[in-house]
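Engineer: Going down the list, the sequences are from chains A and B.
Quick note on the working numbering: the first sequence kicks off at 306 and runs consecutively.
Quick note on the working numbering: the second sequence kicks off at 306 and runs consecutively.
Hints are computed from structural coordinates only; laboratory data are not their basis.
A hint or two may mislead.
You can't tell identical chains apart in this list, so a pair holds if it fits in one copy or across any two.
[Unchecked claim] With a straight-line Cα cutoff of 20 Å, these simulated DMTMM-like cross-link-like pairs (lysine to aspartate or glutamate) come out: (1) K625 <-> E463; (2) K440 <-> D611; (3) K440 <-> E605; (4) K440 <-> E608; (5) K625 <-> E311; (6) K440 <-> E560; (7) K388 <-> E589; (8) K650 <-> E682; (9) K693 <-> E360; (10) K417 <-> E492; (11) K650 <-> D611; (12) K382 <-> E682; (13) K384 <-> E682; (14) K346 <-> E412; (15) K625 <-> E608; (16) K382 <-> E307; (17) K693 <-> E682.
Note that the structure is a prediction, hence the values are computed from the model and not measured.
There are 2 protein chains.
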Amino acid sequence: MEKVLEGIRVLDLTRVLAGPFCTMMLGDLGALVIKIETPDKGDDFRATGPFIKGESVGFMSLNRNKKSITLNLQSEKGKEIFKKLVPHFDVVVENFRPGVMKKLGLEYKVLKELNPRIVYASVSGFGQTGPYAFKAAYDFIISGYSGIMSLCAHPGGEPTRIGIGLVDIVAGLFTALGILSALRAREIYGQGQMVDISMLDCMISLMENPIARYFVTGVNPQPPGNQHPFMAPMGVFPTQAGCIIIAVGNQTLWESFCRAIDREDLFSHPSFSTNTDRIKNLTELRAVLGEILRTKPLGEWMEIFDRGGIPCGPLNTVDKAINDPQVRHRNMILDVNHPVAGQIKLCGLPVKISGFSDTIGAPPPMIGEHTYSVLREFLGFKDQEIQKLKADQII
Amino acid sequence: MEKVLEGIRVLDLTRVLAGPFCTMMLGDLGALVIKIETPDKGDDFRATGPFIKGESVGFMSLNRNKKSITLNLQSEKGKEIFKKLVPHFDVVVENFRPGVMKKLGLEYKVLKELNPRIVYASVSGFGQTGPYAFKAAYDFIISGYSGIMSLCAHPGGEPTRIGIGLVDIVAGLFTALGILSALRAREIYGQGQMVDISMLDCMISLMENPIARYFVTGVNPQPPGNQHPFMAPMGVFPTQAGCIIIAVGNQTLWESFCRAIDREDLFSHPSFSTNTDRIKNLTELRAVLGEILRTKPLGEWMEIFDRGGIPCGPLNTVDKAINDPQVRHRNMILDVNHPVAGQIKLCGLPVKISGFSDTIGAPPPMIGEHTYSVLREFLGFKDQEIQKLKADQII
Chain A
306 MEKVLEGIRV
316 LDLTRVLAGP
326 FCTMMLGDLG
336 ALVIKIETPD
346 KGDDFRATGP
356 FIKGESVGFM
366 SLNRNKKSIT
376 LNLQSEKGKE
386 IFKKLVPHFD
396 VVVENFRPGV
406 MKKLGLEYKV
416 LKELNPRIVY
426 ASVSGFGQTG
436 PYAFKAAYDF
446 IISGYSGIMS
456 LCAHPGGEPT
466 RIGIGLVDIV
476 AGLFTALGIL
486 SALRAREIYG
496 QGQMVDISML
506 DCMISLMENP
516 IARYFVTGVN
526 PQPPGNQHPF
536 MAPMGVFPTQ
546 AGCIIIAVGN
556 QTLWESFCRA
566 IDREDLFSHP
576 SFSTNTDRIK
586 NLTELRAVLG
596 EILRTKPLGE
606 WMEIFDRGGI
616 PCGPLNTVDK
626 AINDPQVRHR
636 NMILDVNHPV
646 AGQIKLCGLP
656 VKISGFSDTI
666 GAPPPMIGEH
676 TYSVLREFLG
686 FKDQEIQKLK
696 ADQII
Chain B
306 MEKVLEGIRV
316 LDLTRVLAGP
326 FCTMMLGDLG
336 ALVIKIETPD
346 KGDDFRATGP
356 FIKGESVGFM
366 SLNRNKKSIT
376 LNLQSEKGKE
386 IFKKLVPHFD
396 VVVENFRPGV
406 MKKLGLEYKV
416 LKELNPRIVY
426 ASVSGFGQTG
436 PYAFKAAYDF
446 IISGYSGIMS
456 LCAHPGGEPT
466 RIGIGLVDIV
476 AGLFTALGIL
486 SALRAREIYG
496 QGQMVDISML
506 DCMISLMENP
516 IARYFVTGVN
526 PQPPGNQHPF
536 MAPMGVFPTQ
546 AGCIIIAVGN
556 QTLWESFCRA
566 IDREDLFSHP
576 SFSTNTDRIK
586 NLTELRAVLG
596 EILRTKPLGE
606 WMEIFDRGGI
616 PCGPLNTVDK
626 AINDPQVRHR
636 NMILDVNHPV
646 AGQIKLCGLP
656 VKISGFSDTI
666 GAPPPMIGEH
676 TYSVLREFLG
686 FKDQEIQKLK
696 ADQII
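Throw the hints in and build the complete structure from the sequences for me.
Structural biologist: In structure tokens, the structure reads:
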């Protein structure tokens, strides 16, 4: 079966997380992604554990459906080869700190001379412009700047980091969106553009609701802990065994919920009859419900609430999440055969489009696995030339 | 200046957050988005506070650059009008619970008969297929299923909800990605497709790293609190006034950091000389650094670390984030003039593409503001017909 982005060709200079997540999405959707790595060590993430037979699982998780070539962009010959590749591609993506591509002489201005149709996308901490453009950034730093960390805490408690590289990943998604938008515009206007994604901009965009609330109230939104700030009961409750999340989002659900827990008296109880009442008397409400919910284990409550149509779910650890029947049904955990690591499991593609495949075509590449074939296929290099490049440490 | 997606037409049936975030992105990028609302109350989010002069700031934050028409899809006449609109559009987006569109007789199968080129996108809690397809879901519930909440906590502490509707927003982003991919494929294959986005799938995709680590170690990843799990020092530290986030991501930065805090002895200290040592002796390291960092306020440390090229930043509250000079420079807070609420501030567009505008064209619409003009323009309805539809509560 075809892939939806088949035919799009991406030159991928990205490393670690934000850029590679973007190009993984493009590759998963069917674009040809040629990842360019430094000849010695390749993507920094290859050196980050844990490992399976020496292969970084973090790297493998982000780089399936890509081909890898090595190329030393510090060398003149390396730059020359890169420039020769550019006219064969639709997209160049990089997540260097702003200024690096210019120092290499490979910035957008240069590349568009070689290929006016190229879409050049960069993803960086603060973007290509503004007072912090050249400031160093990590996911963690941007979490702090954006304010999102101030909302991840228990009331009165210390903020906590979100346990994934959220800022990087979200910036990668926006970059993919920018690239597809620019490719679409290219069909109309005939020329490529530069896509300039800032991790901080992306997080500000995600913070739209607390920011909107701040502008009207003048009060900094507070972390909600594990209870929704405006709706109740919507939160985490311990059961006899395991925690349950309950989301009673409207008055009809409140009625069903009271019936499900066999406490129809609560529905018309003066302290709890409207959502406003329930938020006002939240401590009392949580105490009453806490006592009830502790009388049965998670599984029993889930059955009861599912039957009553009340949104509920477990507070899964990773093992539970990946073995969930819905996750498996949706092809979100896939087996991939890696030449060195063997049979590995990787997350599937969440963009499901009828008529197109959502499988993983190729395992994560070994460093430089496709250098020879790419140089031959795109630039017509002969074996002898390639061997010389290898000897000269250009590839 | 043009917008990058100018010419794309979207019929938007979405409400609340996941769908509206998707169509906001499409609208911000220049697509024509016609939001269809129920004649009585419209998008549920319109009724959610806080309000400015009766207008919901949460709603306004997500619905600029859209036109609003009212249409009662429960009525035969309403369905008929909707079906007449479909051939004029490129995209239909909805975030109903699976089954709702079928019950209305407006599912993909029906719409593609009317317009084989239509791209139909749905975003739901668990997707259109699988054992939970019809189960009720909220952002909070999916946070629990996906395992992400289990990673948002201080070590040993209770998990906390992420303080924004992250799951909804991320699903909205993946939906936009799916729509643009399907539109691109349409240019090649000539026909539309159905995009089926599940919030849970999207979160599993974001969890790729903890999932990959679980598969190799067999141990559930633990919440990192406010310290990076594998790199040190990378975490939050209190200063004399305010907290600072420091991200010493490699050995070169560790050297610069030791120099910046005037403790070059730490660089070669046997307990701290490599990242592995620093992670092993993290408590000791944090104690030593904690004492040093408490001697100056945040601003002074920021200057010192910025000078030394060491990634650092504040732990901003919302007010600090939106007033940050970088955020302002990047056009991420924009003034919009709303007919009722007056001058309001909204978050900007993080997808910056050269040659195209990143401004907000139109304020969030009043309910049904564009019903007359859309019915006239697309379907040639006469004023009298429109008045009858109004009288019959179809619009």
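Engineer: Within a copy, between copies, both or neither: where do K382 and E307 come within 20 Å Cα-Cα?
Structural biologist: Result: close neither inside a copy nor across copies, 36 Å intra and 39 Å inter.
Engineer: Given a CA cutoff of 20 Å, do K693 and E360 count as a within-copy pair, a between-copy pair, both, or neither?
Structural biologist: neither (28 Å within a copy, 69 Å between copies)
Engineer: Please sort K440 with E560 into within, between, both or neither, judging by C-alpha distance up to 20 Å.
Structural biologist: between (53 Å within a copy, 18 Å between copies)
Engineer: At most 20 Å between CA atoms: does that hold for K440 and E608 within a copy, between copies, both, or neither?
Structural biologist: between (52 Å within a copy, 12 Å between copies)
Engineer: Cα distance capped at 20 Å. Does K693 pair with E682 within a copy, between copies, both, or neither?
Structural biologist: within (17 Å within a copy, 66 Å between copies)
Engineer: Reference check for the pair K440 and D611, CA-CA at most 20 Å: within, between, both, or neither?
Structural biologist: Answer is between; shortest inter-copy Cα gap is 7 Å, intra-copy 50 Å.
Engineer: Using 20 Å as the alpha-carbon threshold, which applies to K388 and E589: within, between, both, or neither?
Structural biologist: Intra 67 Å, inter 49 Å, cutoff 20 Å: neither.
Engineer: As a check of your reading, is K650 near D611 (CA-CA no more than 20 Å) within one copy, between copies, both or neither?
Structural biologist: Cα proximity of K650 and D611: none, with 30 Å in one copy and 41 Å across.
Engineer: Which holds for K417 with E492 at a C-alpha limit of 20 Å: within a copy, between copies, both or neither?
Structural biologist: within (16 Å within a copy, 24 Å between copies)
Engineer: Please work out whether the CA atoms of K625 and E608 approach to 20 Å or closer within one copy, between two copies, in both situations, or in neither?
Structural biologist: within (17 Å within a copy, 45 Å between copies)
Engineer: With identical chains treated as interchangeable, where does the CA-CA distance between K440 and E605 reach 20 Å or less: within a copy, between copies, both, or neither?
Structural biologist: Classified as between; 16 Å across copies, 52 Å inside a copy.
Engineer: As a check of your reading, is K346 near E412 (CA-CA no more than 20 Å) within one copy, between copies, both or neither?
Structural biologist: neither (23 Å within a copy, 51 Å between copies)
Hints 5, 7, 8, 9, 11, 14 and 16 from the earlier list are contradicted by this structure; the remaining hints agree with it.
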